[in-house]
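Starting from the structure of chain A, add chain B where the hints point.
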Amino acid sequence: MYKFLLRRLVFSIFTLIGATIIVFTLSRVVGDPRLLYAQEGGYGMTQEQYDHMGETLGLNHPLIVQYFLWVADVVQGDLGQSLLARNDVTDLIKQKAPNTLRLGLVSWVLATVIGIPLGVMSAVKRGSLWDYLGRTFALFGQALPVFWIGIMAILLFSVKLDWLPAGQRGEGFGQIKHFVLPSMTLALAAAASYLRLTRSAMLEILDSEYVKLARAKGVGTQMVIWKHAFKNALIPPLTLSALLLVGFITGTVVVETVFTWPGLGRLAVTSTTQNDFPVMTGVVLMFALMYVVINLLTDLTYALVDPRIRIG
Amino acid sequence: MATRVSIGDETSFAVVGRAVQKNWIQRKWETISVWPVLPIMMISLLIVMALLADTPLYGGVTGFDPIRPVLGDRNFSPGSYQNERDTTRNIERAEKKGEPIPDTPRHWLGADQFGRDVLTRLMKGAQISLMILAIAAGVGMIFGTVYGLAAGYFGGWTDEILMRALDVYFSIPYILLALVAVIVFGQSVVIMMALLALLAWPPFVRNVRAEVLSLKERDYVSAARATGASDIWIMWKHIVPNVINTVIVIATLRVGQLILAEAILSFLGAGVPPPTPTWGAMVAEGRDYIGSAWWISFFPGVMIFLLVMSLNFIGDWFRDRFDPRLRNL
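Note that the protein sequences, when read in sequence, are chains A and B. Residue 1220 in the working numbering sits at position 213 of the first sequence, and the numbers go up by one each step. Residue 181 in the working numbering sits at position 135 of the second sequence, and the numbers go up by one each step.
Heads up, none of these hints are tricks.
Here are a few chain B residues that sit away from chain A, every Cβ distance over 10 angstroms (derived from the structure): (1) K74; (2) L92; (3) R139; (4) W154; (5) R252; (6) A269; (7) G274.
Partner residues are not named here, just some residues of chain B that face chain A (Cβ under 10 angstroms, in silico): (8) A211; (9) S217; (10) L222; (11) V228; (12) V230; (13) L306; (14) A309; (15) G332; (16) W340; (17) S343; (18) V348; (19) L353; (20) V354; (21) S356; (22) N358.
Now the in silico label distances, taken between C-beta atoms and shown as ranges: (23) A:V1078 with B:V236: 27 to 35 angstroms; (24) A:V1078 with B:K283: 43 to 51 angstroms; (25) A:T1277 with B:T133: 39 to 47 angstroms.
Read the hints as simulated data drawn from the structure, not as lab findings. Note that the structure is predicted; figures quoted are calculated from it, not measured. No residue lacks a Cβ here, since even glycine has one placed at the ideal position from N, Cα and C.
Extracted from the complex, chain A is given alone in its bound form:
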């Protein structure tokens, strides 16, 4: 098991290095990175600023040295300054990250709580009305664009019915209201994929020999469903849940834009529209880090849940 985890740890480090190389390459691919800071139609910069920037970015060194200088800065938590607000990117990220994490976690819990039981029900009552309803839900959840669901939810619940606020985070207890629409929107698509996956895993297992044996022995239906089948059907949804947690990171980009949620995703989008390159790279690196950490945690859970991995 330690060998397995060590292997994954080494891979994670390689992954992070790969991510930094890609981001660095993108920043240098246009040629002089100073061009990113003084774009056409902007205010431009003076010769002194230009020279100073060359100095701080280490542009007079060879490319490889430049990369290591940049990585050294990043590792120390220095991601540069925002071009517009002139404050540290690290501070910006620290300020926005909790909002994104909260929204992501709430939606993740919601999706799990909705999707997995629906999937089990759909499989157990195969061919019934519930199954059809569940599958229709999965169909819609997979084919509807997230942002469109969000906008239509605003139209229905905020504009027409005036039940829930359309965006921004409230204060104190009132903020629960603000969570409802964004988290439900995010959870919907995820719950649909949970449903599909749980359903097919359950169907396969309910058809297996040991479930038939359990039934033949006279084990009760509930017992068979939850103890014999569900426990074994849980592995594919578990894989998905890690993917989803990662997927929420990108999902939040969209949902945060729709609901003007002050998180990392919106920061990324606004920095794109404003051509704020340092902020953008900072957010990308942050997300890559989150991805790697989540994947490591998933591997850890795998090792705990599945004895085959623990021993092998």
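Positioned in the frame of chain A, the structure of chain B alone reads:
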């Protein structure tokens, strides 16, 4: 006596006894339920829409231009007629040229905040989306397949390096990478295609590689190698024909996701630059007018949904027919 063997991965069985005579409706229904008729019709309709998008403005299909703003028609609701000033102008123009007087065009699906007809823009959008998707999916498919072939066939270090590179690829959130690329390279149709191709390829790699791993152990591959066939020859003649089913199935299932991704990128303002209409961008534009003119955002979303759903159905059907092993995709 009738023997019936069902199609796809369902268990085949034989009915022995008197064949039940089926009436016309039952037989037709069988054809419809075996072939994904509705999705195919939907996609054909879209292609027709895309082809009709470039018909002339006057006396054309909708009678509107997808790009030129008409301030007199701002936020007109679905079903309303063109504003009077433009109508009279059109009639005068027709009279001067001696052409037949055109019917007053109607905004069947409403008009957006610049008075542009939503239906016309949807049609133009279909054209652009389909073009981008076809190219992006094609490039992604070929690249992914070759990558998977190389990883699976050569194995060892090649495999290890290629698969780790794939891990790195997955660690960078795609949407953010796309946003960075748009900052660096600017918005354009070519960048959009490249970005979608970048999203398309990984599932091809994984599945093709898994197939190749088992295919290369087959006797006919060893036989080919023993007769002195080169690696390229073996791959092209003995392995590619066997993975082509998998590739086609994945391609159809993947296109739906590409459409959603394209819509998301356009929505976030990283797609094809305006005023070119794309469905995602249309939804985004309507967001600010959601209270007063819901149709601007509503209809493009419905189009995306219908297209993605149709493609998913066709993909599922392909999978059940050609490659039931991919069920978990």
